[in-house]
Structure formats: C-alpha cells, structure tokens
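Using the hints provided, position chains B and C relative to the given structure of chain A.
Protein chains in written order, with the numbering used here: chain A, 1 to 266; chain B, 1 to 264; chain C, 1 to 263.
Certain hints may be false.
Said to hold, decoys possible - Sample of chain B residues at the chain A side, in silico, Cβ under 8 Å:
#1 Asn64
#2 Asp88
#3 Met91
#4 Met98
#5 Arg108
#6 Cys117
#7 Gly121
#8 Ser125
#9 Ala128
#10 Leu130
#11 Lys132
#12 Asn136
For the record, the hints were derived by calculation from the structure and aren't laboratory data.
The beta carbon of each residue, even a glycine, is placed where N, CA and C say it ideally should be.
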Amino acid sequence: MSQAASYKWERFTFSERLARFAVFLGFAIALSLSMRSVQIIPEFLYDAPTQVADLFKRMWPMDFAYYPEGIHHAMMETLHIATLGTLLAIVMAIPIGVLGANNIVHFPLLNWFSKLILVSSRSVNSLVWALLFVAVFGPGPLAGTVCIGFRSIGFVGKLFAEALEEVDPGPIEALTASGAPWFSIFLKGYWPQAAPAFWGVFLFRWDINVRESAVIGLVGAGGIGMVLDTALNLFFWNRVSVILLSIFVVVILAELLVTAIRKRII
Amino acid sequence: MTVDAQSDGSAPPQRSICIENLSKEYVRGKPILKNISFTVQGQSSVAIIGPSGTGKSTLIRCVNKLIPPTSGNVYISGENITHLTGRDLRMARRKIGMVFQEFNLVERLSVMENVLCGRLGYVPSWRAWLRKYPQNDIDNAFALLESIGLLEFARQRADSLSGGQRQRVGIARAIMQEPHVLLADEPTSSLDPKTSVEIMELLVSLSGEHDIPLLINIHDVELARRFTVRVIGLSKGGIIYDGPPSELTNDHLKQIYGGENWLQ
Amino acid sequence: MTADTAKNFGPAFKTNWWARAGWLAGFLYAAYAANYLDVSWARFLQGLGNGAAFLAEMVPPNFSRWELLAANLIETVEIAIIASAFGILFSLPVGLLAARNLMPSWITWPFRAFIALCRSFHPVIFAILFVKAVGFGPLAGILTLIFASIGFIGKLFTEAIEEISLKPLEALRAAGAPFMSVIIYAVLPQVLNRFIGFSSYQLDANLRNSTMVGIVGAGGIGGTLFAAFQRFDYDFLAAILISIIALVMLSEFISTRIKRVFQ
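The shape of chain A in the complex, shown without the other chains:
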C-alpha cells in the first residue's frame, strides 16, 4: 500500500453512506410493497387518457355567461373567507407563537402545549377542518372562515415562533438591563425585530388560503367550492370549466400581488 492511500479523500464517511443507502432501500421496499398491495384496476388506468380527453371535450365551450350570475359573488366570498380567516389565524397565532418561543417563555410545559396546538392545526387537512366546522356552525362562510383560521394557526404560529427565536439577543439584553417589564421588552425588543418576518408569513399564508378557501366549499363551507360542487353534481361541465378557469386566474393574481408586496417590504 502506498502512503498516498491514507490521504484518500471521501465525501461521506462510511456510516453516512450506509445511512443514505438505508433510506433509499427503505423507500424502495416500501414502494414495491405498496405497488403490490394497492388496489388498482389496470384497465381504468389505461382508459384514463380517453376519459380525461372526454372530460375536456365536455367542458368546451365554456359558459362564460354564467360568471356574472353564478360565480362572481361566490368568488368574492372565497376571497373574504381567505382574508378574514388569515386575520383570525393571526389573532390566535400570536399568543400561541409567543408561548412556543423558548427564549421568551421559559416553561417547557407551555412550550410543549403550544407545539401540540400548532402540530394538531397543521396535521388536520383544511377539508377535514371544514367538515368539523360545518358540523359545528352549519354550512356557510362562517364555518369556512373559522376553518381557514384554525388551519392556519399551525403554519403562522410555527413560523412566528421561529422568527422570535431568531431575534438578536443583544437588544433584549439591553432592555432587560434597563429594568423593563417583559411585555415592554416584547413590544420594543422582540416585535420590531420579528415584524418583517411576521408580515411575510401573513402574506404567504394568505396566498395559500386563497387556494384552500376555493375548495372548502366542496364540503359546504362557503365560497366558490359550493358552486363548483353544484355544477359537478349536475354535470354542467361547461360551467365547471369556467369555475376552474376563474379559480386559476384568482390564484395567479393573488400570487402576483403577494410577490409584488413582498418585494416592496423587503
């Protein structure tokens, strides 16, 4: 063996490579097991392109006349649900986010409690939240708004808590040294530093909520989804296509708006 061999450079250690290999192998095994046991009728898969083509054919021509009479109001309702729901989420997420930031609240039990709320909020899908709140409040936009609010707490609260944990500790130390009460320290030390991230999160979540509030109507929580559901059940495919197109346009516009505002803030 030459001396040079002992200087051989390796990107990853043996155990790192073993771990990576184990991950890929695990995924491959899981995939093959899934493929064998999942119940798929192959004929349906082969038939899919024809069926999809047929769907598109039935969607054409689009019934644009339906927009002013049936869609516009529902679309506005969707936007209001998204916005009001996001505002609701913020009101609820700020205290929960503060509880979850371990550099502000030093009680692990409270941190943990906050994390539990945040994880539950994120784990339950918006449609499931919508079902729950339709059961509570009855069908309509109130259920949708509360659903969007609860669904967003997890996202907003988690990112807000992270922003709070990342603030520069120097000013906090200075305010502590001046004898300021904790709420003043929060207002003048933490908040100014975390505010840009907070508004960024708000915009980001609003963008997501526009998408989500467009579908929660499928289970009765108000907005454009309810109109879509009706059109689907009645097989009015040329109305479905207009509804889908208007959702697409609104979602794209919302994204453009958010990008433009974020550029101006940052």
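What follows is chains B and C alone, placed relative to chain A:
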C-alpha cells in the same frame, strides 16, 4: 478632571457599587470569577482590564444580575440586589445603566425611541406601546440628544447611524434611566481609535456631569490609563492590581496579560 | 436631569400615516367582510354550543373498528408513497426542462405553464376530476398527488437549477461533452441535495393530502372519515382524527430523521 469621593457628601445615599466576595462558576468546580471584592463610589471612573476570556464580561453582568452570581453579594447604593427577583430586580436594574460593546440598539426603531427605551422600567407597557411617553421624558431625551450632537437624527432609524453614533445613542439610553451607577462592557471595542476616544470622553464627562460612578470593561490599556482614575487588573478570575493608573507598571501588565514581548 | 423646556424640539415621533391608514383599513375591512359573510357574534356563540355537544359525542373515541382503520391507514400510506415516487421521477425532467438557463424559451414556456397549472389548483380539485376520469379508488388519489408533487418539486427544482453556477457547464461544453453528460456532471451535482430535500418534504405533504383525497372518493382514510361524518358516527370520527394526527406526527418525526441523514 478632579476626583474626590467626599465632594458628593451632601447627598445622603452615596451612589456606589459594592462587590463583596463575588464568585461565578458556569461549570461546577471551575470558577471563572474567584472571590472578587471592590467598591466604586462617588464621582469615579474605574476601568477593569484583563485579557479576553478572563471573566470581565461575566463580572460586569453579575452586577445587574444579567448573569446570576454563584456566591457573594452586590450592593448598589447600599442596597443588596443579589437575592432580588421579579419586580424588585427590575426596580433595582433601573438604577444601573449599561452600555454594550455591540451597542444593542433596536435597529428598526427610531433613535428617539431607542433613547426612550431607557425609560421602559418607569413607563407602563401600554404607554410604551402607544408611544405615549411622559412629556418630561421626551423633553429630557431631546435635550440629551442635543448635548451629544445627535438631535438631527432623532427621527431616523437607528440602523442608519454609524458605529460611533450608535454608541452615543446607547449611552444616552443608559443615562435616560437616571441611573445610580453606569456599567460599560467594552464600549469601544467595535469602534475605530478616534471614535473610541470620543466615546470614552463622552462616558467620563456624562458620568461627571450626572454624578454617576462608572465601571468600564476595557481591554485597551492606554484608553484606561487616559480616562479613568482607577484600574482594576483581572487575570484568571482574580484581581491582580487595584490602584491608580499612574502606578500601573509593566510588571503588573505582564502579570495580567502574560508574556512581555507585546509591551515593547 | 433637567430639560430645557423653553426649546421646542417638535414631535418626538414621525407620524406614520401609512401605518395608521393600514390599521384603520384593516379594521374596516374585517367589519365589512364579517358582515358580508354573515359572520356574527350570535351565530358564533350558537356554534360554540353545537361545538360542545359535538365534542361531547366524540368522547370517548371508538376504536372498535380498528381493522378497518388500519386497512385505511395502510392504503393512505401506499397512495402517498407511490405518488411520491412517480411525482419525484416526473418532476426531475419537468424541472430541468423548465429551467430558463438551460433550455430555450420555446421549451421552458409550456413546462412552466404546466407547473403553474399543477400548483394553482388545490389537490382536491384534481382528485375530483380524476375520480370522474378513472373512477373511485386509490388510483385517482395517486394521480392527484403525482400532479401536486410535480407542481411543488418542479417549481422549487427549477428555481434551484436557475441559481446554479454556470462555470462547470461552460467547461464541459467547451470540452465537447454531449448534452446528457453536461446535465449529469455539471447540473445535477449542484442541485441534487436540494432536490432530495424538496422530495422528502413532498413525501410528508403527500401523506397529509392522501388523508384528505378520500373525501371526494379518491381512496385512503378520507372516505371513511367522510362516511363517519355523514352517519353522525362521531366517536368513530374521533378515532379516525386521532389516528390521522398520529400518522402525520410519525411521518414528521421520520422525515426529520431522514433530513439529518442528508445534511
């Protein structure tokens, strides 16, 4: 500059920092500060010198309990603050102004608001929130900003200032507390030599003007000699030297910092 | 400290009219929107009463049909895994073809439009369309999540490629390497780690979404959940919700471990 502890005799509560047998261990059995005792009182500016990592920063933070000492006592103007917690500790901290190496301003707030942050210990939170500070505080803050030459920057954001200007704001914030004592943790380390001298001048003159004893951590021996009336040399967690700068010899410095080549 | 009160320094703070107008507009909007949506305090309170009754019926959760529950959870996981595998596989070429620094605009344009289309619609809309096209069952769910994956990974992967350093590319092109070699040796090494990161994130997201697609008939536990709702079978519903949350938390735990392996 004349310094005489007795000249302040008229005011009954003598403004002072008194440190008594102070020790600090982060890890059990490995003390970073060993049995430190000294007193600073009246119109006096005292420098703590020593190599980095010797516990200067820890010592100064033990004074206002930003870092709780392991044992020993700290008295501010005669009041033992070592065992205070919660509201009592906050009340005690109001009496201790502090200036930081990295200025520690809230960058996204205006200069004025940063200066008024020194009043947060006195002003209820809801007033701070609505920025309804007492008019008296605002007048004082303006006067102070004028005296340190930053009046025109009052409404600008703190992150638009240069390092020296920021440190002036940091000092003004500490003075706004109307403190009994002033602590400064390496106030010039992030600044260029000329600005460092200006900041030291400002600290010493404000300390004299407002009659506040001043305790400065500083690693620059020349600045310490030039601006303070007493030097405390710290090494390996203990006091090596405590006396006027004129009597601080190279032998002392060798003992404090170790080695000697750097002295030539 | 005595202030020189004779001097007038003007206001201490600049009044930020934009911020004030923003707050005012926010409050006015909230009031207007609440009115528009017929969101009122009375309805809210009434709902709270219903909610209490609803919660009371959910306790204790009923796990007696655990075999059905387990079968559903397994199907949910299968949908997520298969959809992730194909979604990752397809988003690799789609992402490459949509990168503007590698491809001419006549190629990137349709692929960027495709990615935007996949992203703009919530997965449940795809699920509805696929259920109409291929019938009820997990196949519709798998197809749905494949499209969702392409939308998410495709976009981020394209952005990652557009940020790479072009110098190795030039070197290889100058050496006369064929196009595929340029991709394999100059592009992929720079973005592979991020691609794996996006993919593991999407695996997590697919699992969350596969719990939901069943609501519209696209397989997985969502179908059973919806049925439990419609039958007012709330104690079984609670059991389903608890198992969904447990499943998602487990997958979050696993994906954090996987991320650590690839850091």
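Here's how the hints hold up against the structure:
| no. | hint | result |
| --- | --- | --- |
| 1 | Asn64 | holds (5 Å) |
| 2 | Asp88 | violated (10 Å) |
| 3 | Met91 | holds (7 Å) |
| 4 | Met98 | holds (4 Å) |
| 5 | Arg108 | holds (4 Å) |
| 6 | Cys117 | holds (6 Å) |
| 7 | Gly121 | holds (3 Å) |
| 8 | Ser125 | holds (4 Å) |
| 9 | Ala128 | holds (5 Å) |
| 10 | Leu130 | violated (10 Å) |
| 11 | Lys132 | violated (13 Å) |
| 12 | Asn136 | violated (17 Å) |
Hints 2, 10, 11, 12, counting from the list given before, are not met by this structure.
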